[in-house]
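Asker: Could you put the whole structure together from the sequences, leaning on the hints where they help?
Chains E and Z are the protein sequences, given in the same order.
For the first sequence, the tail end lands on 529 under the numbering used here, and the numbers increase by one without skipping.
For the second sequence, the tail end lands on 349 under the numbering used here, and the numbers increase by one without skipping.
It should be emphasised that the hints constitute simulated quantities derived from the structure, not laboratory data.
Predicted model only: the values in this text are computed from it and were never measured.
You may find that some hints are simply not true.
Computed Cβ-Cβ distance ranges for the label pairs, DEER-style [stated by the list, open to error]: (1) E/95 - Z/205: 47 to 57 Å; (2) E/507 - Z/153: 56 to 66 Å; (3) Z/329 - E/300: 39 to 49 Å; (4) E/48 - Z/152: 51 to 61 Å; (5) E/300 - Z/65: 15 to 25 Å; (6) E/95 - Z/149: 38 to 48 Å; (7) E/300 - Z/155: 26 to 36 Å; (8) E/55 - Z/168: 20 to 30 Å; (9) Z/300 - E/48: 47 to 57 Å; (10) Z/347 - E/89: 46 to 56 Å; (11) E/121 - Z/300: 28 to 38 Å; (12) E/320 - Z/335: 52 to 62 Å; (13) E/277 - Z/165: 38 to 48 Å.
Okay, the calculated bits of chain E under chain Z, using three or more residues with CB under 8 Å as the criterion [as the list claims (entries may be wrong)]: (14) 109-120; (15) 194-204; (16) 454-468.
Calculated Cβ distances over 10 Å to all of chain Z for the following chain E residues [said to hold, decoys possible]: (17) 162; (18) 176; (19) 244; (20) 246; (21) 268; (22) 274; (23) 422; (24) 424; (25) 480; (26) 485.
Ideal Cβ positions, reconstructed from N, Cα and C, are used throughout, including at glycine.
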Amino acid sequence: MTTSRTRRSSERPPVALVVPAVVAAAVALLPLVYLAVRATEGGLGAALEVLLRERTARLVLRSLGLAAAVTAACLVVGVGLAWLTTRTDLPGRRTFGVLAALPLAMPSYVAAYAWISAVPGIAGFWGTFLVLTACTYPYVYLPVVAALRRADPSLEEVSRSLGRGAGATFRSVTLPQLRPAAAAGALLVSLYVLSDFGAPSLLRYDVLTRVIHASYRSSFDRTPAAVLSIVLVVLTVAITVGESRSRGRASQARIGSGVARRPPTVALGAMAPLAVAACVGVAGVALAFPVATLGYWLARGSSAALDLGRLVEAARSTVGVSLLGALVTTALAVPVGILAARYRGRSTRLLEHATYAGHALPGVVVALSLVFLGVRFARPIYQEVPLLVLGYAVLFLPAAVGAVRASVAQSPRRLEEVSRSLGLGPSAVLRRVTLPLAGPGIATGAALVLLTAMKELPATLLLRPTGMDTLATRLWTETGSGAYAAAAPYAAALVLLAAVPTFLLTRTHRVAAAADAPVLTETTEGAGR
Amino acid sequence: MPSARLIAPALALGLAASLAACGSQTSSTVDGAGPDDSGDTLVIYSGRNENLVAPVLDRLEEAVGMPVEVRYASSSELAAQLLEEGDATEADLFFSQDAGALGALAKAEMLATLDEDVTALVPEDYRDGEGRWVATSGRVRVLAFDPAQVPQIEEITGIDQILEPEFVGTIGYAPSNASFHAFVTALRVERGEDEARAWLEDFSAQQPQAFEGNNAVLDAVDGGQVAVGLINHYYWFQKVAELGEDSVQARIHYLSSDDPGALVNVAGAGVLAGTDNSRAANEAIRFLLSTEIQQYFADETAEYPVVDGVRSTVFDLEPLAELGTDQIDLNELDSLDATLALLDEVGLT
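Answerer: Structure, rendered in C-alpha cells:
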C-alpha cells in the first residue's frame, strides 16, 4: 500500500477549506507588498544595482552554503538520534529521547552568546554552523521520531525475511518511510538558517540577514534591505519547491492490512557506549553548555537583584501573546495543511508555497512591513496585541502547515472515501474524520508555533504594545546594558517555559503513535463490512 | 482537480480584500483618533537602554506636566520604524543612542528645529548645525589594556602606535559594533579616504582579534588573551562597578585628544516634525540637559555630561571640554555607507 501512488483528487476542494486557506496565504504574503514598494521606490535601476553587486552574489552563496551545511548536519543528527531513541536498546533512551528535543527551547541568540563569550575563537562559519545545528536539529528529530513510531514494522520484517541485512533494510525500507518527515523538518531548518540574524551576527559570519540589518542601520536607505529580502524570498520559494518535489508522490499512509505493532528493538551490543557518547555529546553541546553559561552569568555578577514581579509579568505576557499567536497561526494553517495533503494539484501547491514565502525573512523585515501596513491600514491595532499576533502568524505559519500536512498525509485517505460512500457530505467528513485524524499534527503545529513565538525577539520589539515586555525583550534589555547576571533569570525562565511545549511535542508524538493503531483498525473493520 | 485558474485570482482577491478591510478601518479611526489622541501624552521612542534611562524618564512626567509613554528598541530599528511610520507616527521625541540615527531622521526631514534656548545649552560640537538635535551625553573611544602586557602604555598617544610590530595578534576589536564604525568614519573624515584605507590595511596586517562587542573585547583584555582593545570608556567603568576594581585586571588609556582614536560620540535627542506636543517635547529635552539629569548620567552610567559645570562624583571622568578639543562634525558620522564599504574592501568585517 505504501508504494501505491496517490490518485490525484478528481474532486474540487470544499469551499470551506479553500477560502480560509486563501486568507492564510494572503496573510503570509503581506510582507511582499511592503518589499515590492520599498525595492522599487528608488527606481528599478537602483534595485538592479544592489542585486548585481558582487557582494550580493557572495552573500547569497554564503547563506545557501550555511543553510545546506546546517541542514545536512541536522538530518544526520536528527535521524540518528531518532533512530537510537526509538528503535534500539540504548541505555536511558527515554531520558535521551526527551533531552534530544529540548534544544528547541534554546533561543539561538542565547546559545550563540554563550559560545562566543566562552570561546571567542569560535566566531565565523564553524561557530555559526555548530550553534545553528545544535538549536535546529530537533526540527528533524521530532517528526522523524513520530514517523518511526508510526512506520509499519511488517515491511521491515518482510525485507529482513527476504534476506536483506539490517543496514540494507534501514536504507531501502525504513528511510523511504521517513523521507517526508525528514524533508519537512529539513525545510524548516534551512529556512530558519536563512532567516536567522542573531546567531550569524553574534558569531560574525557575514550572510544576507546581517547585511540586511546593516543596511537598515547604516544608510537608512531601505532599498538595499528590501532587494536583499526579496532575494531571500526567491531562495525560500526555490527551496520549498525543491522539498515538495523530494516529498514525491508515494503515499505515506498505512491502512487496513494490519495494526502497527511495536517494532523489534535493535540490540546495540558493543556499539552501546558509542551511541551513549553521541547522545551525551549532542546534549552537552546543545543544552548543557548554554545552560551552564547562564548559571555562570548568574553566579558572577552583582547586578542580580531580581525583580520577581517584573519577571512574572514578562512571563505572563510571553505566554499570553505566544498562545494567541499559536492559536491564530494554527487556525490559519489547518485548511492549508489539509488541502496540501488531500487535494494535490498545482493550485493547492501554490497556496502552500505562498504560506512559506515569508518564512526566511528576518524578523525585523516582517516587523517593518507590518509597521508600514499597520500604520496606514490598520491603525486601531497598530502597536497592539492583534498586530503582534499577526506578525507571529506571518513568521511561523509554515511550521504549523508542515505539521498539519504531514499528519493528514499519514492518515489514510481511504477512511474519508469510505465515509463519503456511506453518505457523509464533504464538510461532515472533514469534521468527523479528517480533523480528528489530523489532531496530533494540529497539536504539534500549535506547540511548535508556541515555543518559537516565545523566543521571538526582533518583531516583538517593534510590534509589541508600548510598555509590554516579554521574556525575550527583557533579556535583550538586560544584556544590552551589560547586566548579564540580571539577564540570566530571564533567559532561564524563557528556556524553562519553552521547554514545556517542547516536552509536550515529545508526548504528542508518542500518544499519536499509540492512539493511531486502534482507531485505524476499528474504522477499517467498520469499513470492511 | 481544482483549476489553478480559479485559485490564483482568489488569492489576489483575498489579499485585496484584506487590504481593503484594513483600509476601511483606518478611515474610521482618522475621524475618531483626531486631536485628543495626540496632545495628551508625550510619546518617546527610546533607542537608549531601558535599564539606563528608565529612572530618568520616569521622572519626566512631572517635568513636562503630561503623561509620558516610552517605547524601547535599538536606535537603528526605531529610526527605521519612524521612517516607515512617516507623518503618521505618534512619537513626539526620539531619544537615540548615537548621532547617526538622528542624522538620518534629520536628513529625511522628520525632525523639527528645537527651541533656541534648548540648543544653546549644548556646546556647538555636540549638536546639529541646524538645531534639529542635541547631544544629551557623550562617550569616548579609549584603549583598554592589560597592564602586565603593556607597561609602556603612557607612551601611546595615538592609534598609529598600535601598528607597531609588538602588537601583532594582540589587539582586540569589535568589527560589527556601531562605535567601531563611528571611529572608522572619524578616521576617514579626518585623514581622507586614502590614508584611512592605508591605516586599516596596516591594522588588518596586525592580525587583530575580532570580538562580538565592546564587552567581549574588554573581557579578552581582562583575561589577558589580548594586550589592548579598542572600546568605549564606559564599558570599563560599568565592569568595575559590577565586579569591583580589584577583580578587574584591565585598565583604560585615553589617547591624545586630536587623535581619531579618541573620538567623542554622543547619545542625543530630537523632536519629531509632526509632533502635537512641541512644548512638552522641548521641555523634555531641557530636562535631559538639566544639571540634575546630567549628574545622573555622569554618576550612574559613567557617561560624559554635555553641559558645563557638571562633573561625575562617582567616576574619574575628565571634563569633556578637555578631551574632545578636536572633534569632527558629528553629522558626518552618517556617511556610514562609505565606512562599511571600505571595511568590506580591506576585509575587516
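Asker: Under the constraints set out in the numbered hints, which ones does this structure not fulfil?
Answerer: Numbers 5, 12, 25, 26, in rising order.
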